[in-house]
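K.L.:
Top line first, the protein sequences correspond to chains D and S. For what it's worth, our numbering labels the leading residue of the first sequence as 147, then goes sequentially. For what it's worth, our numbering labels the leading residue of the second sequence as 6, then goes sequentially.
Accuracy of the hints is not assured; some may be wrong.
Mimicking EDC-like on lysine to aspartate or glutamate, the simulated pairs with C-alpha atoms at most 20 Å apart in a straight line are [what the hints assert, rightly or not]: (1) D/Lys344 - S/Glu116; (2) D/Lys205 - S/Glu69; (3) D/Lys328 - S/Asp362; (4) D/Lys328 - S/Asp364; (5) D/Lys205 - S/Asp364; (6) S/Lys112 - D/Glu347; (7) D/Lys328 - S/Asp360; (8) S/Lys369 - D/Glu378; (9) D/Lys328 - S/Asp93; (10) S/Lys369 - S/Glu333.
If you're looking for bench data, these hints aren't it; they were derived computationally from the structure.
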Amino acid sequence: MHKIERPMRDPLFHISKRDDMSWKKRFLLRGGVILFSFLFTGILSWILIGVDPFTFIGKLFEGTFGTSRRIWLLLRNLAILLCIALALAPAFKMRFWNIGAEGQVLMGGLATAICMYYLGDKLPEPVVWLFMVVAGILAGALWAVIPAICKAYWNTNETLFTLMMNYVAIQLVSFFTNVWVKDGSGVLKNATHLNGIKLPELGNPYLLTLLVAVLLTVGMFIYLKYSKHGYELSVVGESENTARYIGINVKKVIIRTMALSGAICGITGVLLVGAINGSVTTATVGGQGFTGIIVSWLGKFNPGFMVLTSFLVIFLDRGTGQLNLTNNAFPAIVTGIVIFFIIGCEFFISYRLKFRKKKKQEGEVLQTEDAPAAEQTEEAKERNLLQKIGDGAKNCVLTAARGVKKGALFIGNQTAKAFRKGKDLFKKKPKEKAEETQTEKEEEDV
Amino acid sequence: MKKLLALGLAATLSVAGLATLSACGMDKEDLKIGFIFLHDESSTYDKNFIDAAKAAVEEMGLTEDQVIMKTNIPEDDTCYDTAADLADSGCDIVFADSFGHEAYMMKAAEEFPDVEFCHATGTQAHTAGLDNYHNAFATIYEGRYLAGMVAGYELKEMIDNGDITADQAKMGYVGAFPYAEVVSGFTSFYLGAKSIVEEVTMTVRYTNSWYEPTAEKTTAETLIGEGCVLISQHADSLGAPSACEEAGVPNVSYNGSTYTTGPNTYLIHSRINWQPYFEYIIQSVIDGEKIATDWTGTLETGSVEVSGYNDELVSADTMAAVSLALQELKDGTRHVFDTANFTVGGETLSSYLADVDDDGTFTKETEVIENGIFYESKHRSAPYFDLIIDGITSITSNG
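Take these sequences, add in the hints, and give me the full structure.
P.N.:
Laid out in structure tokens, this is it:
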């Protein structure tokens with residue numbers, strides 16, 4: 147009723163989709179934002195750890211490209227992270243929140259170690275290799291299929307389920323280590339306990355991992371873009387009802403996709419344990435199962451982009467390692483800030499903000515083409531907010547009763563709006579996920 | 006790729022060449038040392054190493070660019086990569102601080118014969134046959150024993166005040182792994198307390214991890230719930246001290262003071278001071294002398310410390326008694342593992358074979374008891390006392 151009595155207030159700003167930015171502009175914008183984020187973190191490093199921005203950026207490059215060994219390590223670490231991100235991509239594209247890559251990789255690794263421990267001294271080494279690879283893939287797939295079956299048949303919450311499976315995997319590794327390591331130290335040694343088994347090197351210790359990653363990247367690109375499976379899983383991701391309507395067996399797609407996701411995680415585990423470390427610990431995956439989620443999302447599930455996003459993450463990781471710090475907080479801050487900038491940039495590439503005009507004219511379009519513009523909108527928002535507070539106060543003085551009513555209405559409206567917005571966000575597209583993070587961060591910053 | 010390989014080879018060769026020159030001593034200004042730490046400063050264990058490294062470097066007058074520190078290096082191939090990278094960067098000494106780093110340090114030592122690789126807590130140097138690979142540890146059981154005495158006096162005070170009866174004098178111990186380094190540590194701690202309160206008992210529970218704040222805290226809480234009136238720990242986070250502070254239970258710490266976490270419950274800590282070792286390896290390389298394959302720090306070398314006592318809870322009399330015992334340990338008139346002071350399965354030990362040579366066979370090959378004394382850290386620096394003595398309950402299952 148009240149709504150009819152007074153004119154509808156426009157929301158403070160509208161968010162609308164845009165797809166009018168040319169690829170050139172997008173490319174420049176992204177490059178600019180990354181450069182800006184480096185400068186920004188460089189200034190932070192000046193303030194926090196006393197390393198000036200240019201030395202800081204220099205160190206990043208030195209730590210990543212300084213010697214041929216570092217370049218190889220960059221490539222190998224990139225390959226591992228990329229494998230995990232690739233494994234997650236089909237699941238996320240299907241809107242199956244697989245938070246369990248950490249555990250799936252670890253199970254692949256554990257199965258590999260089990261083969262090394264129990265078969266290493268009984269069978270010829272090449273046969274053991276075969277067992278390691280097969281067992282690793284199966285174990286990873288199994289760890290992913292269990293929550294998939296429960297989701298497909300009983301609609302259980304896959305986020306919690308896959309997350310919990312991580313802890314089970316970690317405990318299993320801990321259990322086997324305790325059984326195998328007789329001196330109780332919990333350190334499983336390749337030569338002592340695992341019969342010195344290691345997967346063959348192709349020329350140097352890094353190539354095997356790189357080769358697998360390249361094959362997986364190409365394979366996943368084709369699978370997602372050109373195969374029937376890839377199409378089906380994206381339909382299931384968009385709408386299960388649509389999928390059912392056009393005759394897709396949703397249960398089958400969920401289970402099949404997760405089996406694939408887990409199997410690739412399993413391969414990564416085989417590489418980590420069989421080729422790289424020669425042993426397994428609870429920290430073998432070291433959180434990369436979670437980092438892979440960010441890489442996958444930032445790469446928009448496109449294997450090509452994911453190469454770039456994993457590069458960025460590994461670059462920061464290896465680069466900040468060169469800073470000679472004894473406290474790991476700063477490198478984590480740097481990575482967080484750079485990723486935050488990129489998420490922000492992606493948001494402004496896909497959306498524009500339309501602000502309400504001061505005198506209730508129709509929404510003026512604020513171009514948000516680069517980072518300074520983003521700050522402008524920030525300012526505009528503040529200005530609008532101040533204006534609104536001023537209006538409210540004036541009204542209160544004029545008619546106290548009306549003011550109170552207005553205030554109550556205002557709060558009600560805002561809440562309803564926020565609620566609506568929250569609900570929409572929750573439902574909507576992956577890109578809007580970025581927006582959600584963005585707004586959250588903005589609020590924190592304020 | 007070929008270019009890269011060639012470049013790598015060239016770099017390796019030039020580093021190797023430089024290092025060869027250094028074999029017969031070098032100028033202090035040319036020396037470079039690299040450190041590998043398992044975690045960063047948030048772990049009490051690593052902080053102890055990091056602080057000592059910084060102190061040693063300053064004491065020896067090395068400049069900032071002669072020192073490289075790498076933190077958060079897990080116990081896997083990353084350790085080898087890091088060690089090799091440090092060698093590439095021209096380090097003459099590479100040091101790693103965690104037991105699980107050993108296999109990867111040895112791998113790097115094989116590849117870089119002209120760089121000295123030093124590893125704390127390891128067990129394999131004396132059998133590995135690598136000239137440039139070295140282990141180090143300290144007779145920390147003596148420090149634990151003295152800290153145990155402080156715990157004993159605290160228990161005695163509780164009994165004298167009538168807070169507990171003598172048979173309620175039960176201590177709790179949060180251990181990382183059921184493994185010789187930890188067993189040796191808690192046994193010496195227990196024997197220290199027992200030298201003051203004969204009836205004391207102790208329960209040990211393990212977290213199966215060196216650093217897991219939550220598990221350490223809940224394990225300490227479990228022990229307190231089971232009636233333990235004093236807690237000590239051999240795990241690297243502030244989990245146990247903070248559980249003690251919340252429950253108001255006295256805590257004896259390790260690796261460093263945890264006074265800031267538990268101002269009302271922290272009693273004292275024992276720690277290995279690594280500074281003497283770091284200075285020793287740096288000096289050895291400067292002088293072109295060989296670093297000991299297996300180095301054991303002692304009370305004499307200043308490597309074992311019991312310090313930072315909380316003067317609000319620990320009396321001056323207690324500290325006087327502790328310094329007296331310290332002197333006796335130094336003189337050799339008192340021995341921590343004197344077989345007259347403990348029994349195993351009701352029997353006094355007269356002979357014990359320990360697994361000193363870590364060759365993967367787990368054979369216990371070395372007689373370690375002489376004249377009624379179990380000589381810990383004599384046959385190798387890393388502890389090998391792995392017996393559960395009477396009075397201690399060791400609970401290995403997580404139940």
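K.L.:
Next, verify each hint and record whether it holds.
P.N.:
Hints, one by one, checked against the model:
no.	hint	in the structure
1	D/Lys344 - S/Glu116	18 Å, holds
2	D/Lys205 - S/Glu69	15 Å, holds
3	D/Lys328 - S/Asp362	14 Å, holds
4	D/Lys328 - S/Asp364	13 Å, holds
5	D/Lys205 - S/Asp364	41 Å, violated
6	S/Lys112 - D/Glu347	16 Å, holds
7	D/Lys328 - S/Asp360	11 Å, holds
8	S/Lys369 - D/Glu378	61 Å, violated
9	D/Lys328 - S/Asp93	36 Å, violated
10	S/Lys369 - S/Glu333	31 Å, violated
Of the hints listed earlier, those the structure fails to meet are numbers 5, 8, 9 and 10, in rising order.
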